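Order-wise, the sequence lines are chains V and G. So for the first sequence, numbering that gives the first Met the number 0 puts the first residue at 0; every next one is plus one. So for the second sequence, numbering that gives the first Met the number 0 puts the first residue at 0; every next one is plus one.
Note that these hints are calculated values from the structure, not bench results. Since the model is a prediction, treat every value here as computed from it, not as a measurement. Every residue, glycine too, gets a C-beta built ideally from N, C-alpha and C. It is possible that part of the hints are untrue.
As the list claims (entries may be wrong) - Some chain V residues judged to face chain G by a derived CB distance under 10 Å, without partners named:
#, residue
1, Tyr195
2, Thr228
3, His231
4, Lys268
5, Arg272
6, Arg276
7, Thr282
8, Gly294
9, Tyr372
There are 2 protein chains.
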Amino acid sequence: MSDPLNVLSDKRQTGHDPPDDPRSVGWTRPQRVVLADERNPLPLDGGGTLQPVTVEFETYGELSPARDNAVLIFHALSGDAHAAGWCAAAGEGNRPWRKARPGWWDTAIGPGKAFDTSRYQVICANVMGSCYGTTGPSSINPATGQPYALSFPVVTVGDWVRLQVRLLDHLGIERLLGAAGGSLGGQQVIELGLAYPERVKGLIVLAASPRLSAQGLAFNTVARHAIATDPHFHGGNYYGQSEQPDRGLGIARMIGHITYLSETSMQAKFGRRLQDRERLGYTFDVDFQVESYLGHQAQAFGERFDANSYLYITKAMDYYDAANWGEGDLRAACRRAQGSWLVTSFTSDWLYPPWACRELVDALCANHRRVTYIDIESSYGHDAFLLEVETTEQLMRDFLAGVAGSGR
Amino acid sequence: MSDPLNVLSDKRQTGHDPPDDPRSVGWTRPQRVVLADERNPLPLDGGGTLQPVTVEFETYGELSPARDNAVLIFHALSGDAHAAGWCAAAGEGNRPWRKARPGWWDTAIGPGKAFDTSRYQVICANVMGSCYGTTGPSSINPATGQPYALSFPVVTVGDWVRLQVRLLDHLGIERLLGAAGGSLGGQQVIELGLAYPERVKGLIVLAASPRLSAQGLAFNTVARHAIATDPHFHGGNYYGQSEQPDRGLGIARMIGHITYLSETSMQAKFGRRLQDRERLGYTFDVDFQVESYLGHQAQAFGERFDANSYLYITKAMDYYDAANWGEGDLRAACRRAQGSWLVTSFTSDWLYPPWACRELVDALCANHRRVTYIDIESSYGHDAFLLEVETTEQLMRDFLAGVAGSGR
């Protein structure tokens with residue numbers, strides 16, 4: 000198979016039975032487990048505790064008898080636990096949005112891929128506050144019988160990782176072989192490495208920095224304002240209403256997409272080309288392809304995501320600052336780090352720009368930690384962490400093999 | 000006066016009578032003139048005509064007996080005709096928003112300044128579609144007795160410049176000594192130079208390119224969606240209502256401000272500093288200074304700008320493409336150019352980035368036109384065209400003096 004990715008892509012288009020692909024993990028089905036209850040509530044960074052907390056997760060591959068081959072994958076803002084394979088639950092119950100399509104990191108997870116499921120057990124769980132199975136603002140508050148909406152607590156990346164470690168305990172995994180994630184997922188890797196350094200050997204951080212820049216904070220602020228301004232938002236109490244704040248959520252998504260692409264890739268992809276027309280329309284309808292693209296992204300996102308979840312997850316993104324482990328000093332924070340680190344940035348990424356990613360690398364190096372850093376040349380912007388498949392696959396595969404063979 | 004700009008700034012703070020400043024043009028009062036009526040309607044690029052069209056403008060300094068010392072200034076997206084001095088009409092009639100503060104380019108216009116009003120007559124007019132005196136969507140449509148709202152035609156930079164040339168005719172100015180503008184104002188300079196090359200000797204284009212990039216189109220699209228999503232927008236028919244679409248307009252303005260600052264300047268100005276608090280709040284209230292800043296900008300803009308005008312002006316910005324004069328070929332378009340050109344970009348400007356400004360310079364050079372191009376080192380982003388006062392003042396002053404002395 001000389002070009003397996005194209006084969007995969009062909010299969011999607013031709014409707015072949017996906018599990019026939021030897022490099023796919025095949026059909027998957029999410030699992031759920033309650034990881035915080037009355038006797039064991041989850042402490043939160045913002046104060047107080049939360050319970051019950053259900054976590055939705057998927058696993059691919061088998062855990063070794065020594066339980067030492069697990070790799071935990073963290074998803075980004077709009078992701079879910081379905082990281083690889085084909086979701087057998089698509090269309091069922093609360094998953095109308097889960098089209099029969101491969102998981103969000105299917106290019107990296109499967110037999111023979113970077114996260115080789117014939118060697119490793121790969122685990123991915125949905126974050127708290129999301130709308131994909133783990134407890135969040137759309138979950139029913141047992142105290143009221145109503146969805147939490149904005150009465151759900153503001154949760155943090157620290158809370159997320161605390162919960163994921165409970166999942167590891169539940170699965171009987173004392174120490175991960177690896178943890179990996181890009182973007183907000185990469186920030187969870189950093190947090191895992193600083194909060195629970197003894198729980199993981201190899202840490203892979205793609206397109207993520209120790210904290211969001213002022214510009215990143217600004218974009219998230221605007222996104223949240225857009226959601227709150229939607230006439231159907233009703234202060235977050237829109238569940239069960241005939242109309243949802245989809246337009247506001249769509250605007251938030253448009254802003255997101257602008258920050259995921261680079262100026263260069265946007266210019267190459269769309270330029271000033273017109274959409275389905277020969278000349279300007281002189282109305283406020285869509286004229287340009289880029290308008291049409293953003294409009295479609297907005298609409299599709301409204302169909303699959305929850306506006307309140309977007310508020311909570313962007314707030315967690317804003318709040319995250321790895322330097323908190325060193326009382327504001329990132330170098331002091333990284334004294335806690337153990338294990339081996341692979342950090343990659345992407346030259347055209349302006350959401351988690353290379354200079355910000357390098358702050359982590361510098362802080363790890365200052366503490367003489369094992370870190371490999373590569374600034375990957377790419378025009379894809381922030382999306383590069385998912386699109387530069389060949390480069391990242393090889394880096395991650397070799398890094399994991401090294402960690403697995405090191406015996407440390 | 001060793002540091003006149005600081006003196007000016009001190010005067011603002013201490014409340015001295017502003018016209019006492021020898022470098023201020025003093026009190027100003029806008030004028031209005033009807034430049035299109037039934038007998039002479041204004042032809043529009045989108046087809047059809049518009050009338051009546053009133054134009055609000057200000058002038059500073061005296062027109063020479065030979066009528067050869069006029070400099071036309073073009074304002075950007077949110078600007079108005081009040082480019083310099085202190086508005087004597089502040090607080091009157093429809094100008095509650097006009098605080099007693101200097102015009103938007105007061106640093107450049109006045110006795111002894113770049114646009115030296117003791118030598119030149121400086122003119123600035125409000126663009127069509129705006130809300131500051133020139134006919135726009137908030138104007139009364141005489142056919143209905145109601146504000147136009149979205150029945151106002153989609154107007155273009157070409158239409159604007161056509162109207163400004165009518166203003167020159169009205170003022171008896173056959174040929175301008177100079178035309179100058181930054182951002183969308185700079186695009187009007189380009190358009191004047193291509194549409195009416197015989198009407199201007201020196202053209203000053205700051206932080207403006209021949210056309211907006213895909214990313215620029217994307218930001219404007221999001222801004223318009225935000226306005227249209229405001230519950231008080233009512234399809235643009237909100238005039239006279241108790242509530243205006245100020246939140247949507249505010250979101251549009253926030254997006255604008257993000258694009259006006261550079262990542263570097265935003266990081267330096269705000270970083271991740273908290274606003275009036277010691278620690279994170281764990282609510283959806285304002286935590287960070289950058290959130291507070293954007294919120295204030297949004298609110299202030301809602302008090303002084305009209306949401307429909309924002310739709311029209313951003314659409315004109317999207318539509319502008321100087322290459323249209325060459326059927327899509329900018330070099331062919333620039334064959335039309337005459338006069339001397341001064342083009343400046345700013346290294347950290349990512350709304351009209353240097354590479355895009357250089358396209359104009361390349362096209363002018365290819366046609367052996369007289370052009371001076373400078374990419375000014377600045378961390379201020381797009382705002383640099385207003386903030387790099389010392390550099391731009393010297394450049395513009397010398398350029399204009401050269402044009403005035405050339406006899407061409």
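Structure-based check of each hint:
Below 10 Å, beta-carbon pairs count as interface contacts, and V/Tyr195 has none with chain G, the closest being about 22 Å; its hint is therefore violated. Because the closest C-beta pair between V/Thr228 and chain G is about 5 Å apart, less than 10 Å, the hint holds. At about 9 Å, the closest approach between the beta carbon of V/His231 and any beta carbon in chain G falls short of 10 Å, and the interface hint on this residue holds. Checking V/Lys268 against chain G by beta carbon gives a least distance of about 7 Å; that is within 10 Å, so the hint holds.
At its closest, the beta carbon of V/Arg272 sits 9 Å from a beta carbon of chain G; the interface hint therefore holds under the 10 Å criterion. Interface hint status for V/Arg276: violated, as the beta-carbon distance to the closest one in chain G is roughly 13 Å, over 10 Å. The restraint placing V/Thr282 at the interface with chain G holds, with a minimum CB-CB distance near 6 Å, inside the 10 Å limit. The interface hint given for V/Gly294 holds, since its Cβ lies 8 Å from the closest Cβ of chain G, which is under the 10 Å cut-off.
For V/Tyr372, the shortest C-beta to C-beta distance to chain G is roughly 21 Å, which exceeds 10 Å, and the interface hint is violated.
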